[in-house]
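Chemist: Protein sequence lines correspond, in order, to chains A and B.
Numbering (the working numbering) for the first sequence: 1 to 183.
Numbering (the working numbering) for the second sequence: 1001 to 1311.
Quick caveat, the hints were computed from the structure, so don't treat them as lab data.
Heads up, a few of these hints could be off.
[Claimed, not checked] Below, a sample of chain A positions facing chain B; criterion: calculated Cβ distance under 7 Å: (1) 73; (2) 93; (3) 94.
[What the hints assert, rightly or not] Pair ranges (Cβ atoms, derived): (4) A:94 x B:1287: 17 to 23 Å; (5) A:86 x B:1087: 38 to 44 Å; (6) B:1226 x A:79: 43 to 49 Å; (7) B:1044 x A:62: 27 to 33 Å; (8) B:1284 x A:7: 53 to 59 Å.
Ideal Cβ positions, reconstructed from N, Cα and C, are used throughout, including at glycine.
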Amino acid sequence: MTYAEKAQIMDDRAMARAIARISHEIVERNQGTEHLVLVGIRKRGVPLAKRIQQNLKEYEGADVPLGVLDITLYRDDLQQIGPAPVVRSTQLPVDITGKIVVLVDDVLFTGRTVRAALDALIDFGRPMVIQLAVLVDRGHRELPIRADFVGKNLPTAQKEVVKVSVVEEDGFDAVSIGEVVQN
Amino acid sequence: MKDRKDLLGLEELRREEIEKILDAARSFKEVLERPIPKVPTLRGKTIANLFFEPSTRTRISFELAEKRLSADTVNFTASGSSVSKGESLKDTARNIEAMQVDMIVIRHQASGAPHFLARSLDCSVINAGDGTHEHPTQGLLDVFTIREHKGRIEGLKVVIVGDIAHSRVAASNIWGLTKLGARVVVCGPPTLMPLGIERLGVEATSDLDAALDGADVVNVLRIQLERQKSALFPSIREYSRCFGVTRDRLSAAREDVLVMHPGPVNRGVEISQDVADGPFSVILEQVTNGVAVRMAVLYLLSGSEVEPKLG
């Protein structure tokens, strides 16, 4: 199985602008950065959360704590997918109880990852509020979940694949749409 | 691990599989440090713990690991069960499997009992110690503890002291450590040393001081006092004088030596009080790590892709 790209949706500059806007919206919605904690969902939510953290430092001069969440153990499809996926660690630098937690992920699709992330977060404490920031919302939700901050709304067909590449993992920044072809 | 239904020993595991378990165990150790140290991963799975031999540590450790992963557990001990009415191992296990159990953890006094079950049953079987054969999860947690402290296994000198011949802990340690590239030295009285042990890729000696020289890790085995009755060593005092690990003798080892013991400890016999409780001892840490390692094994086996056998 390989990924065949059909079109590039965002280049590095478009991505940077979208992340900058999301960062501003987070500050605006929460009237500052007090009580904020950013939590990136592994894998590609983490570098995105890091960039938001840098932006908040630049715009507001604030050091917002950044956590990393691995949702593998909370997936609802573990019984179906066969080999157990690799479990990585979760690191939350502060107690999230009473905090404004902004979950960050690359693509919002069925909503199942976010469901798992919410369950995982709640095992760590009781945040005052949890908000969701995603770079791309591609539709096709299977659960009643929505994002608070969206980089780009991208209508897609169910079969299509949205691929977010980040410098930290892939060597370049881009969002593309394509499909998986069987060889 | 996707092609593996059971964990019977470290002998049959490939190096990559051992490393995969150790890496996963690290993540599970983090789970155990959370305010709510429990994840929903094995919700709906049922695990039976079959202990035909007494055990404190291993049984509680497995049970905790299962509960931390949200599995349902049933416990079985030989006393007070139908075993005392003469039911065979296979019948006991088939009956338990007929109650829709997904995994069986078994400790048995007969070497090979878990293998026998694994062949006869569709569910996953995990060996929690069989006779004098292997105790794979103990081997894994020992290797894990060493790797946490030293950052690697490759090239370390690891000394295993005690009753090598009857120790399943020693066997699993030898398989695991040599596969990961450690230099393993086994040390004990010649009567408790299996002939031809060198073929497993270890060095054997009955000179403790030579063995300890430059050691990175000393794993002290429990001396089973009942072996003295079978005249394999003359007296506890003599054993202790020749093979007891004391602070004096430990000075030949490296400055950052780790002292390990699988428990239960005979204080003052195989290990002196001050060493067991001393700064180099990681004995209690081994126990903590045991839960994380067993969670990793349960998790990885639960995702195995082996087709159930028919009939």
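Chemist: Give a verdict on every hint.
Modeler: How the hints compare with the structure:
Below 7 Å, beta-carbon pairs count as interface contacts, and residue 73 of chain A has one with chain B at about 4 Å; its hint therefore holds. Annotation: interface hint on residue 93 of chain A violated; nearest CB of chain B at approximately 13 Å, more than 7 Å. Against a cut-off of 7 Å between C-beta atoms, the interface hint on residue 94 of chain A is violated, since the closest Cβ of chain B lies about 12 Å away. The hinted range of 17 to 23 Å is not satisfied by residue 94 of chain A and residue 1287 of chain B, whose Cβ atoms lie roughly 30 Å apart.
The hinted range of 38 to 44 Å is satisfied by residue 86 of chain A and residue 1087 of chain B, whose Cβ atoms lie roughly 41 Å apart. Between residue 1226 of chain B and residue 79 of chain A the beta carbons are some 45 Å apart, a value that agrees with the proposed interval 43 to 49 Å. Residue 1044 of chain B and residue 62 of chain A have their C-beta atoms about 44 Å apart, which leaves the hinted 27 to 33 Å range violated. Checked against the given bound of 53 to 59 Å, the beta carbons of residue 1284 of chain B and residue 7 of chain A, roughly 58 Å apart, stay inside it.
The structure fails hints 2, 3, 4, 7 (numbered hints given earlier, in ascending order).
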